[in-house]
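A.B. asks: Protein sequences appear in the order of chains A and B. In case it helps, the numbering used here puts the first sequence at residues 1437 to 1751. In case it helps, the numbering used here puts the second sequence at residues 553 to 905.
A portion of the hints provided could be inaccurate.
[What the hints assert, rightly or not] Computed footprint of chain A on chain B; a stretch qualifies when at least three of its residues, placed anywhere within it, have a C-beta under 8 Å from a C-beta of chain A:
1. 608–618
2. 643–654
3. 709–716
4. 743–756
5. 762–775
6. 793–803
7. 885–891
[Unchecked claim] With beta-carbon atoms standing in for the labels, derived distance ranges:
8. A/Phe1488 <-> B/Pro782: 50 to 60 Å
9. A/Ala1493 <-> B/Gln863: 26 to 36 Å
10. A/Arg1541 <-> B/Ala716: 40 to 50 Å
11. A/Arg1656 <-> B/Leu640: 18 to 28 Å
12. B/Val591 <-> A/Ala1635: 32 to 42 Å
No lab work stands behind these hints: they were computed from the structure. Keep in mind it's a predicted model, so treat the numbers as computed, not measured. The C-beta atom is built at its ideal place from N, Cα and C for all residues, glycine as well.
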Amino acid sequence: MTTPTLDRKKDAPVVRTGDRLFRGSTLTAGILILVTLAAVAIFLVAESIPAFTEDPAKIKGSPSSFWAYVGPLVFGTIWVAFIALLIAVPLSIGVALFITHYAPRRLAQTLGYVVDLLAAVPSVVYGLWGISVLAPAVQPIYSWLTDNFGWLPFFAAPVSGTGRTVLTVGIVLAVMVLPIITALSREIFLQTPKLHEEAALALGATRWEMIRIAVLPFGRPGIVSASMLGLGRALGETMAVAMILSPGAFITWALTQSQNTNTIAANIALNFPESHGLDVSVLIATGLILFVITFGVNFIARAIVDRRKAFSGAN
Amino acid sequence: MVATTGTSLPSTLTAGKLPKMVPLYVLLGALAVVTLVFVLMGAPNVAGILVVGVIVYGVALYVLSLAIEGSRKAKDRLVTILVVSAFLLALIPLISVAVTTAINGAARFDVPFFTESMRNVVGAGGGALHAITGTLLITLATAIISIPIGILTAIYLVEYGRGALARGITFLVDVMTGIPSIVAGLFAYALLSLFLGPGIRLGIGGAIALSVLMIPVVVRSTEEMLKLVPNELREASLALGVPKYLTIIKVVLPTSMAGIITGSMIAVARVIGETAPLLLIAGYTQSMNYDLFSGRMMTLPVFVYNQYAIQGVDSQAYTDRAWTGALALILIVMALNLIARLVAKIFSPKIAR
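Could you put together the complete structure from these sequences and hints?
C.D. replies: See below:
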């Protein structure tokens, strides 16, 4: 792109007004993005200051401090996202492997589109589906789990009669992050050097051994960062959680009871429309905490991806 | 290779291998046995039969293959079964969502739904015209804000940007992709309430929130498209003495236009289904509102949530409207995706891929 011959000192390049204008406007747009991101942080901080300084007794539910209010929410957010990833990551790797290494070559791209369609469904529709289809369908399984594995703290009695529990939400979130993780893993698996795969097969490896010794080691950093991006999405997902979960304001590990720890995002969506004054500041403060958590997760994920890019450029 | 199984089969090319049709027979056998067991236990249940049947199939084929083909082949077959069932499992929610939405949404998928608002409607009747109008207006405003900023930023990153600033923008665009939608809504609220007082609800606030979510998507996709434009085209243009800005406007952009349009449409499709930020900043109402700058504005996703969450008497009517709203929303998103792919296919120059 750069043409060194134009940069000679003796005949200074002509600077055209059009060039300067165009370059200026693109630069402005770029800087606008930096400003926006900074503005998100600054405005959230500015609006949430009262939540930290005012008397916590005035907060809805009068907790002993702001942190006592936000603690269970942070736990719930991470707990739900963790369950979602536990389900989604193995499944996504399986789906990505199927599309890249098992499905007939001609079908592969179409199947990729089909999985991407999962990402196109709005979250509010997943919420409706979770309540009216998934929750009734899994409730008998929860009853069975509670009856037979009730000694585990995760399946402690009493079982939820509606199936609207944290595990159901985890399944729905898993469905929502699956296309993200699959798409990225698929891309990484396709980048596996063909020669590595062929070498493995030529040495007599079965297909699974080829995947284990050539594809997976190559794709591991990619899988990690894809999972982190999925985690970021699961942490911030709002409507599906708000609609499906029947929330309580305490910490519980139980997966199948009707009282569950709420998440930050769902708590905001449920309470914000009716809140005013200090409660709004508190909700914005919890939003700020969510922002910091997801920012951190995405930051780490991107750092892994970037390090990997630098590494793979060497071959 | 033949000797690895250690069995004394006749030494032909197929020795130590399961015949091609055996997995199919094992699958059918497993399903038949499991169905029989379920029927005998008196609880025939299609989902249960399929799940248990596949597990039995996996175990049976593994044991059979272990006995005849050895442990390596057996493990390979087991993993194949796992991978295929992972894919089929992932399809179940997709099919289920599509089928339930189509069936439940059909009840109110009629003319009044698209020509009436919910003003003064209690119980049955009414429609989502106010919500559809709001969605169109807010999405249009979002597109007007996001697409120019997104495309210009992408041009800066690809054509001009060097050094720390460009690297910083690239990185932050990536991070911005991960902002939770509800935080974008809170940001728009915090921004507007600082200037216009607390408790503010405006349609344009929704557009601001959605722009925060949409800009990074547009930047990302446009960047990819601009990078696909061959450098030879730029160099040829510059060599003819064309200024750089004209090279970009007349050569680079037209070459990548199809891809940019596709990317922008997919970005629109992504934000059009967002609920949480609109719930916070655009609020909800039962009446028409054509003005982005005054008063609450209903949108289709919020309509779906609202009809479901706040039900009056005759709750079935509310549920039906929610499902029809969901169906309309899915159809809009699918249509946008489809048109975007068609644009990409029809208008993309042959060099693009």
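A.B. asks: Does each hint fit the structure? Answer for all of them.
C.D. replies: Against the structure, the hints:
Given as covered by chain A, the region 608–618 of chain B fails the check, having 0 residues with a CB less than 8 Å from a CB of that chain where 3 are the minimum. Taking a C-beta to C-beta cut-off of 8 Å, the region 643–654 of chain B contributes 7 residues in contact with chain A, enough for the three needed, and the coverage statement holds. Restraint check on the region 709–716 of chain B versus chain A: 4 residues with Cβ-Cβ distances below 8 Å, three needed, restraint holds. With a cut-off of 8 Å between beta carbons, the region 743–756 of chain B has 5 residues touching chain A; three or more are needed, and the interface restraint holds.
Coverage of a stretch by a chain is defined here by at least three residues with a beta carbon nearer than 8 Å to that chain's beta carbons; for the region 762–775 of chain B and chain A the count is 4, and the condition holds. Beta-carbon proximity to chain A at under 8 Å applies to 6 residues in the region 793–803 of chain B; the threshold of 3 is reached and the given coverage holds. Under the rule that three or more residues need a Cβ within less than 8 Å of chain A, the assignment of the region 885–891 of chain B holds, with 3 such residues. Here the CB-CB span from A/Phe1488 to B/Pro782 is close to 55 Å, well matched to the stated 50 to 60 Å.
Take A/Ala1493 and B/Gln863: their Cβ atoms lie about 34 Å apart, and the range 26 to 36 Å holds. The given range of 40 to 50 Å is respected by A/Arg1541 and B/Ala716, whose C-beta atoms sit roughly 43 Å from each other. Roughly 25 Å separates the CB atoms of A/Arg1656 and B/Leu640, a value that falls within the hinted 18 to 28 Å. For the pair B/Val591 and A/Ala1635, the beta carbons lie near 51 Å from each other, so the given range of 32 to 42 Å is not met.
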